[in-house]
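Asks: Residue numbers (the working numbering), protein chains in the order written: chain S, 703 to 1094; chain C, 703 to 1094; chain H, 703 to 1094; chain Z, 703 to 1094.
I should point out that these hints are in silico values taken from the structure, not numbers from a laboratory.
It cannot be assumed that every hint is accurate.
Because identical chains cannot be distinguished in the list, a pair is counted as satisfied if it fits within a single copy or across any two copies.
[As the list claims (entries may be wrong)] Listed next, the in silico EDC-like pairs over lysine to aspartate or glutamate satisfying Cα-Cα at most 20 Å (straight line):
no., residue 1, residue 2
1, LYS804, GLU746
2, LYS804, ASP1000
3, LYS818, ASP859
4, LYS733, GLU886
5, LYS804, ASP909
6, LYS778, ASP1035
Quantities reported herein were computed from a predicted structural model and do not represent experimental measurements.
4 protein chains.
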Amino acid sequence: MTDFAAIAPLLEGQAIELPSWAFGNSGTRFKVFGTPGTPRSVEEKIADAAQVHQYTGLAPSVALHIPWDLVDDYAKLREYAAEKGVSLGTVNSNTFQDDDYKFGALTHVDEKIRQKAIDHHFECIDVMDATGSQDLKIWLADGSNYPGQADIRGRQDRLADSLAKIYDRIGDDQRLVLEYKFFEPAFYHTDVPDWGTSYAQVSALGDKAMVCLDTGHHAPGTNIEFIVMQLLRLGKLGSFDFNSRFYADDDLIVGSADPFQLFRIIFEVVRGGGYGPANPDGTSPVAFMLDQCHNVEDKIPGQMRSVLNVQEMTARALLVDRDALSAAQAAGDVLGAHQVFMDAFYTDVRADLAAWREERGLPADPMKAYAASGYQAEIEAARVGGTQMSWT
Amino acid sequence: MTDFAAIAPLLEGQAIELPSWAFGNSGTRFKVFGTPGTPRSVEEKIADAAQVHQYTGLAPSVALHIPWDLVDDYAKLREYAAEKGVSLGTVNSNTFQDDDYKFGALTHVDEKIRQKAIDHHFECIDVMDATGSQDLKIWLADGSNYPGQADIRGRQDRLADSLAKIYDRIGDDQRLVLEYKFFEPAFYHTDVPDWGTSYAQVSALGDKAMVCLDTGHHAPGTNIEFIVMQLLRLGKLGSFDFNSRFYADDDLIVGSADPFQLFRIIFEVVRGGGYGPANPDGTSPVAFMLDQCHNVEDKIPGQMRSVLNVQEMTARALLVDRDALSAAQAAGDVLGAHQVFMDAFYTDVRADLAAWREERGLPADPMKAYAASGYQAEIEAARVGGTQMSWT
Amino acid sequence: MTDFAAIAPLLEGQAIELPSWAFGNSGTRFKVFGTPGTPRSVEEKIADAAQVHQYTGLAPSVALHIPWDLVDDYAKLREYAAEKGVSLGTVNSNTFQDDDYKFGALTHVDEKIRQKAIDHHFECIDVMDATGSQDLKIWLADGSNYPGQADIRGRQDRLADSLAKIYDRIGDDQRLVLEYKFFEPAFYHTDVPDWGTSYAQVSALGDKAMVCLDTGHHAPGTNIEFIVMQLLRLGKLGSFDFNSRFYADDDLIVGSADPFQLFRIIFEVVRGGGYGPANPDGTSPVAFMLDQCHNVEDKIPGQMRSVLNVQEMTARALLVDRDALSAAQAAGDVLGAHQVFMDAFYTDVRADLAAWREERGLPADPMKAYAASGYQAEIEAARVGGTQMSWT
Amino acid sequence: MTDFAAIAPLLEGQAIELPSWAFGNSGTRFKVFGTPGTPRSVEEKIADAAQVHQYTGLAPSVALHIPWDLVDDYAKLREYAAEKGVSLGTVNSNTFQDDDYKFGALTHVDEKIRQKAIDHHFECIDVMDATGSQDLKIWLADGSNYPGQADIRGRQDRLADSLAKIYDRIGDDQRLVLEYKFFEPAFYHTDVPDWGTSYAQVSALGDKAMVCLDTGHHAPGTNIEFIVMQLLRLGKLGSFDFNSRFYADDDLIVGSADPFQLFRIIFEVVRGGGYGPANPDGTSPVAFMLDQCHNVEDKIPGQMRSVLNVQEMTARALLVDRDALSAAQAAGDVLGAHQVFMDAFYTDVRADLAAWREERGLPADPMKAYAASGYQAEIEAARVGGTQMSWT
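Chain S with its partners taken away, still in its complex shape:
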């Protein structure tokens, strides 16, 4: 079995982008619980995100959501983030909270509303130009609730047209990343419900269009690592939205529901060449992001736990003895190959990672160090008044 020392260098530079919205309040359709200290501004969300990076060294950038994170001066925001030790990352568009989009956005049958949704993406690209963001991530809430309500074919054609117009504006060093989702908020059909649809749509656009895989957006039982493998093989895996689910799009902490699935996913990323620095030919690596909702748990430690889970599972995936695995696979040794795989999963990497962190000037136990820092008490005292940020 590969040992930790051999894989330690590969852990250098691992970066997991945090979503700004994870630091605001979130909840279900039944209730959103507020908590003391929740940010009232984009800046406060960035300050909180910076805490995660400070204690883990794993989260150097923060994704923005427009219009939730609209500010007047992005250069200033960029500077503010830099002072805090993080950068601004992916820009997420939002076409699901305007009354006009009740029956669709990029797929809307009304050309005026559809153009409005396209224009919103142009604005997002403007933001990207100002922030230096690489990726425009599009998640569409478009869909319908009742059979017959919508012409699903016409919508798909309009989607293709809308995406083409947006893609035309994408800069040479920028990417359009199209997320798919099985269902919700639409309950009969969703316009980008599966990887096949996202793949077909982005393939029609060009090299700078990629698929975003959110680990919570699949039908029950779906083999997600297979999709990871396939998209890497097809050269179209742009990014991950990591989270966990037991049922639907539960948006729980990544690795908390099925840690072994996370292991298998990251193993296929490694196997398929999607992990590590940019390839020599300039192609972009796969971007790791979180997309989670901390409905009942603390937000900053919740994000910390998440990036640590990804790091721990990456270490385990790297520990797989690939030569032994290949040999057992070639020999048709089912139990042998499975055991090589499980040996890495069952290896306890936590002590090694604590030492690894200390060597790099990070706390051995980031969760404890953060808890001891007093930051939470500080923001609870300071952030009084104002409106806590949330999804709306």
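With chain S's structure known, arrange chains C, H and Z on it following the hints.
Replies: Chains C, H and Z in isolation, oriented as in the chain S frame:
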């Protein structure tokens, strides 16, 4: 095959209770769309519900949700409803929108919070006494999001204790009805996730405690008509919350996603003696209710469509030639028995029902009659200002 | 609403191919029940299939499965079929019942076994040349049962290579049709698990390679009509394997589990131009086939019921008032559009279809006519001795 | 965190029963692959099972399946097993492979067939008397494939009657254990589909009737540990059939698909008092059994891997710091409680267990020791000719 004339009398007196909250705004965690004319008060919700009954003759009562439908004077509300032609029905408790209930209500580890939740149910029983409602319906949002977060065994024991205290307050002519739900808003465990749990809990209480079956609260693939059969057999099916789903608890219009499933469910209700007036021995019939969210469609016609769907499917279920079915079943004639069953499902009962309605002074086409009535324009004009009612 | 007379001409020429194996015994891993009269030869299977066509006029061709339907002289078999009134259709390959294929066929890591699987497909193409079949249908059982057992990426690359070699042999008027399946017989990963994979693989081959959609091969909750729409839009829907499911790949009679889903699927076929005679530009229409297992019901009437279900649902789908639907959709009239759709579904087309059949010299009630024919008693008496055909 | 030394004594005496049928060939409806050395007799199956116990010390008994394991002299079989170092355990009835049971066994509408099925269980009890087995396990394949095919209510009543007759024959020290299963081999309804049905049926029988929970027999997404908790709370969890699944009833090696789920299940067994020796009041502990199919992997090492997985996960479950967990739960510390739970799951217990085994005269690595033993080569050479045992 049984003909319509033979079953027409059995359609008399069918009653489907409407949820007051269906007339307020609802939506997903992403967005709640408001609509012109939405009620700003309990009275306006009741007025809208009365429209459904006026045009269909199927919906003589309205369920209340406490605290959403809290008023100072229930006698007055009862009178108001009577003037509109409807009565007040089931009282639904709500323990999911108070900050205290973040980690549970009837199951909470903190005795003070648990007592608060019990007390809330006592208040609901007071409301029932004032309104003359028969059923106290309990749907619990209690659960947890992460493995380890909660002691699921301790919670079950506390639930039993809480329910026993509430049951003690239930009057001789009242019932406690316990709803189960697979998941949401909790995403790891739910304290009453399946019919087995609800059945075990209400069985421990006594004869006046029953199970509520919400058609959208099951795991994918669950054979719901089997549960209907079983609960009727065990004498514990208290009521239905009707709605439709494609994925999770989508709360779509009953009969819109899988009409054949609705047919099979109602057939088992009929087969098991759960349809029709109270039995001579005084046992209660099964209460039919709707529990739906009209996120994107019009609310009043949405409720109208729903009760009509239930009526149409009841007619089809009653049309099954039970003798021919039994004969084919006894003979092991798989295709023959299936065809007897399908013959009833495929029968178009709409024209017969239109005539049936006209004979009773109801419009042949309730949807058209309502649309022509001008009521919607009227409420849009009248209901300006104020706060539209919704789930919060 | 469109009336039956208007759509009657569109029902002309509808053809649903029958699988030869549906007339042999089938079952589950627990038990295969034999029945009197089951065919002992390919010829007897064809004779039985011809009965279905004789009484319904809907099933003019029979699909073969190699090696189950291996004969020495295909010209003779073709002639035999013609005498019985049917033709030989799609050729299905089989790479799941040879010990060599325990760990894969077209994906096998051992080049010798992989070549054997490729060679088998060459033989199938030889059969097609002899029978005049248009389609080579490939369903792969390839997959693995345990994480780590197989290198899923390597297998995908080998699959692409194997398919390319087979595709090279396909004649100008022939097609390669690649079926996908969610799971079974492999229980961890399947090499062609979803439409996206099948689409990506056939797109790499060329214009004569298409996707086969088996209605039972999806994850729970999958919106199948969306996939139908998408594949038609992408020009890659080659054929259907029709059947029904409640749980997994149950292979029940098409239309028996969720008739409304079948309606929605056929509506999208019509909407997307996949129904009717070959297009003027010579492109092939979508082939309709059955792929079912009559484990407990009679086989010949089971197939009859199936093709009648498809015909009845096609009639309903054609009855949708497309203009009214489009108008309601454009107006954002959710309930109105849904009702237009449901009006067609709820229309009872059975009497019209009985008349339609009689006009064409077919029995009004094919099920009854077949039952009265005495054919079943005849084959039970005649087919004594020999080995009943089944999957093995 | 609890350390291994503290929990080591609790691992003493852990016993996991092996199914005799796991050593015969098994497969899917598509293909059963044979393997050299497969047993041709009950004795050879027991000899193979004894190997598992010899190397792991975890599997002291073997479950029988009647009629697969019918012999003339059970006293002699018992003696043979004892010589090999194992005992005979649970007796499993089989009512799914006789033509008479095509439409049901204990639920059959034909009283003669139903009595035949009851009589079969009487014979099984006779076998139990001869073998000294404690448990009669009943898994029913009864169900139907098409809506309308069967009267599901009548079947449930007949099931109750049949079970009562069987229960009457059960001895004072014997138990009747009723297994439930979501679906398969029936594809529309199953007569004992869920824990609620099994619980209701066994509750009506008496104290010696219990529920058997097979970990692969649930709907997608079901929280199995919740059911474990509930059945223990209700005093009705009789036994486990352990295995793993990704999709349906895949019958894979326990712990291979979702190790974290196995951890959660065993934790609830421990939490609910279901683990360990019989209680002082004489109530029986929960029986652990395997029920798996080694379709593609080696059988003896497959069983070995399985019992080791159960042991390793039991050790992890015992390592949970229950005091720290309770404290965090009581404090509403979601992340803290979750981390206490995960800390135990992520602990690598393999080296400690190897040492534990060596202290007890067992090989540190049972898999390696067995592989080195030459037993497989021996049986491959010796077991030539005869008919390999399988499910049929």
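Asks: Hint by hint, say whether it matches the structure.
Replies: Now for the hints, and whether the structure bears them out:
| no. | hint | in the structure |
| --- | --- | --- |
| 1 | LYS804 x GLU746 | neither (31 Å within a copy, 25 Å between copies) |
| 2 | LYS804 x ASP1000 | between (32 Å within a copy, 13 Å between copies) |
| 3 | LYS818 x ASP859 | within (17 Å within a copy, 43 Å between copies) |
| 4 | LYS733 x GLU886 | both (17 Å within a copy, 11 Å between copies) |
| 5 | LYS804 x ASP909 | neither (32 Å within a copy, 39 Å between copies) |
| 6 | LYS778 x ASP1035 | neither (59 Å within a copy, 37 Å between copies) |
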